[in-house]
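J.: Using the hints, position chains B and C against chain A.
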Amino acid sequence: MDPRPVDPQQLQAMARRERVRQVRGALGSVAEIAIALVIGLGVGALVMRASGYNWLLAYRGLVLGAFGDQWAIADTLASATPLILTGLVFGLSARAGYFNIGAQGQMVIGAVVAVAVGAYFSAPPWLAVTVVFLVSGLAGAVWALPAAFLKATRGVHEVISTIMFNWIAHYTALYLVFNVLNDPRSAERTVRVLPGARLGALVPGADMTSALFVAVAVAIGIYWLLWHSPWGYEMRIAGLNPSALRYAGANPLWSVNLTFILAGVAAGIAGATQVIGRPPTYALYGDLSNLGDLGFDGIAVALIGRNHPLGIIAAAVFIGAMGAGARMMQIMAGVPLDMVRIVHGTVIIALAAPEVWSLLGKFLGRLRAERNAAPAHARTLQR
Amino acid sequence: MLFASLVLGALHAMVPLTITATGEILSERAGVVNIGLEGILLISAWTAVIGAESGGPLVGLLAGVVTGAVLGLVHGIIAVYFRGDQTVSGVGLNILAMGVVAIGIVDRWGAAGFHRVERAFRVPSLSTPLGAMSPMVIVTILLAALTWYLLKYTNLGLKIQACGENPAAADAAGVRVERVRLFGAIYAGALTGLAGAYLSVDWLATITDGLPAGRGFIALATVVFSRLNPWLAVLGGLIFGFFDSLGLIASTSQELTRIIPYQFIQMMPYVVTLFVVAGVIGRFRSPAASGQPYRRE
Amino acid sequence: MPDRSAPPAGAAGQYKPVSVLAGAPPWLEMRGITKVYPSGTRALENVDLVLAKGEIHGLLGENGAGKSTLMKILSGILPLTSGRILLGGREIQLRSTHDGLAHGIGMVHQHFSLVPTFNALDNIVLGRGGNLSAPERAAARARVKRLMEETGLHAPLDVPVELLPVGTQQRIEILKTLDRNVDLLILDEPTAVLTPQETDQLFDVLRGLAARGTTIILITHKLREVLALTSAVTVLRSGRVVGNRLTEGATAQDLARMMVGTERMPDVKPRRRHEKVEPVLRVAGLTVKGDSGQDAVKNVSFEINAGEIFAIAGVTGNGQSELIEALTGLRPIASGRAYLLGQQINAKGPRQLYRMGLAHVPEDRHRLGMVGQFSVLENSILGVHHEPRFRRGLPGTLHWGKVRRYARELVHRFQVVTPSLSAPMRSLSGGNQQKLVVGRELSKSPSLVVAGQPTRGLDVAATAAIRDLLVDIRNEGKGVLLVSADLDEVLALADRIAVMYEGEILAVLEQDQFDRERIGLLMGGVRDGSAAG
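Protein chains in written order, with the numbering used here: chain A, 1 to 383; chain B, 1001 to 1297; chain C, 2001 to 2533.
All the pointers check out, no bait thrown in.
Residues of chain B clear of chain C, computed beta-carbon distances all greater than 10 Å:
1. Leu1008
2. Phe1114
3. Ser1127
4. Leu1232
5. Thr1257
Chain C side only, calculated, beta carbon under 8 Å to chain B, not exhaustive:
6. Ser2096
7. Met2107
8. Ser2113
9. Leu2114
10. Thr2117
Worth flagging that the hints you see were computed from the coordinates, not collected in a lab. Quantities reported herein were computed from a predicted structural model and do not represent experimental measurements. Each residue gets a CB set at the ideal place from its N, CA and C atoms; glycine is no exception.
Next comes chain A alone, as it looks inside the complex (with noise of 0.2 Å):
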């Protein structure tokens, strides 16, 4: 074929029309989320409605307790930060084409070994940070690693593996915190770690501490990996298409590996975040109560956050809004902790199924214009 010279003016106007594109694109995923995020705060009204809450008391509560001051402002962050890191676990593994459910375990297991490090590795606090974080990712890697070598060898489904690598996970930390890490002291926690391993509070009386900025460089590092390096390129070719990454020169076995890794580090800081990040205890509470179940919630972050770091960032502050917010809606409305779960959950049900818009949309269009069509429609009936 003769190469066609190249016609600049039809250039631009190729790229003017990519431009618009792209802004109506991000446009439309937007609308998609604050649709999903409307239907899941109305359910929620409704069930408050049907339990004889007053819902609206209720969403007051959750705005002052998310926004209302610059303490509630700070424990809207810091309820985020940990989220920002386990939605990433989900993200990250979901552009590679698989359904990580393991966040919550590999995080128990870096917050274990974050108390265990941080108690005993005594150094400038720097460094002592930074060790206590780097050795709870490698825990949370290594604890990944399993269930990405049963996939890749034995073909089980990692949501099966994962589950059960939590329920692990969530008995062996059971077992540390009760029989070595524990604080002949109190019965209800583990030893404290070091001052040097300790994050201070950034605003005084409010737990958000430096760790914010941990989660967040985390996920720019993610967001750049998977859009600005070859190796992102080849994971998210993995996660749509593996056949095509063999077919690129590339083994999708050893992306999907890297993505298992890079997400147990993500995970395992997270529960080092909670450890040495979360003023004032520096410790993890027998029942494991202080991580909660934020691997979980990181799910939920994850798809609200479309999968994308950055949205993710967007997403872990609206969910910890509402943890944070959630107790002083307990507080003005009665109304049980629990209940964000419930507009969680909704929440991603409505994004589970995106074509329900363009379908609603549709059957209105075809109700507006059987009205109008009444008499033909009429007709054919007679007929």
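T.: Here is chains B and C on its own, set in the frame of chain A:
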């Protein structure tokens, strides 16, 4: 004595796993995968208690079945008609369930996190030579048999399998793929709802916001183990159930917990699940179109 | 419903052509059919199609002309946007295939609609009402056996269909449709996977069916088939009817003109003669295993010279795919040797082979050659994304600016029509996707291009463009391995043709030995008058 309690324990622990897995087998054969079984177990366990306390154990079981069917219907509509992401929908269901039941327990009984079901509202046991056994054990076997017969010997079963293997072919042959798949999703939901009711108004006789304790996921592992054959789901349920009940029995034994910390005993069913899924069975081929929405064109 | 009491069919002569155009009363009428897809694509525009009872009607058109869309509407798979369908003078509503079958309309699809794990009997009874109790099963078996006797379509009933040859699968497909008592049988490109000899058999069967009252619509883009079988033909082009006439008296040229319009299939570029001849690829005793562990390629040897197009002809599924995959590093070589420019390529991966000078236009474009959800931009560097020319100074960083410049050049040079570089690849037409893939591979400045079915599913213009590119490559003195099931393409492009049958190369033909009939026989496994083992 120990033997009898182990056998009965395994049978009782089998029931929720096998019933749930049996329903999911039919659903996956039709092409709908539901990862939200854990959530359905939880919510229907809660509604079953409400039902049982207002109308007796049978009403409780029925409430569980209806709740499960409705949740299965919702998941099915999202999966089949809205062509949504089945995994995402299932995850949403699991999270939603934790919230609904946590609040529901407070809302209903005023106590946070835990409510005990009195004997009068529980499913009455049968007396057997080994001891008291729940009639649900027999129901489980019957359901597995029924599902097996349905899949293997009825025209509906043929249609179900065609929808999972090659929905386009089924469609071209005049099978209403959407309806068959929706039926599968509702069937899985209803059976899972029955299993959830069994957890609360029969076997465990309590309702908490963590009642299923991963059994929804172990049921998914049982589905993998079964290679979508209901009889093997009974076997898988027995294997997993045996270790589940072994853990329950062992963790109450003073002598044993002194040697092995109870945390490791409680870990057992999960470790066994991993080993069985990885080692004994290896890879299997699920229906070609399972988990994928069907779109004409 | 066909009259089953009629004597067994088989003899072709019993079929008497009928057509509305020859005065027969209309039986099926599709009037003013318009189809607009949700994406806005107008697939059909005010199309009319009228048939008489017992007619064999050809529906002719290029890929993408709207033939399959029209027939999917008629069989109830797709809803129509506007228009009416009348059967025996009464308007019918078709909301699903269920409705279609209820009106006696059944379609045999190009991609078979068989459940691969079911046996023939289960596939045939699928979707019929009732219970599958033992007596009913036996009744169904008897019914299908009788149908096989009446129609001459024979197939084993108890073997999973995925284990049967495609020709047999197609017979099962037709049996399945006939078993639903259809009196309008639609066949979508039924001969695409058949040898010429199997095609003749199928046509005999169809004439027999028509003689007993079954109306048949044959979708095809092959002129010879229309002339051989049909009594009338409707020609579609770009979603509109451009012709409707009796087949009698029509010539291939007439039909071709209607089908492609003024844009005639251009002649392939002239080929330059090369003075020196040296081998680019040498394959010696190559054996490759298939997916189920059988020998898919059996002890195959050949050489490809610089400056030639070496084509492998054969019915799809005779080991060509496995051969390509083995030569491009996607499938291990079980035994034998292959050399690219004198270097052995056994156990080399795709990336190493690319560095050694191999480019690969994969036969399954969607599965291998592209990532549909990725943008055109991202697809433009698939396989070369690790190269330093797309990097920033920082190690391991993609420089999207450089990629963008490269992609723009690619899009322009190979005339890929795309709304923008960030448009998802899957939103492009098949022809433009393939142009990007071919362009990307040719930009690797390879010594050997392996091209699998490079024009399958493309329109006339794109096909011509791709064929020209392949000839260009050849004229530049590079080697081309062309694997194609399209005999016309092979005959038009090849310098030498190898015919593959059941994993073996039965013959390698020089240009003066090219002969359609001989190649057709070889494709069916007949070597010099005797069947190959």
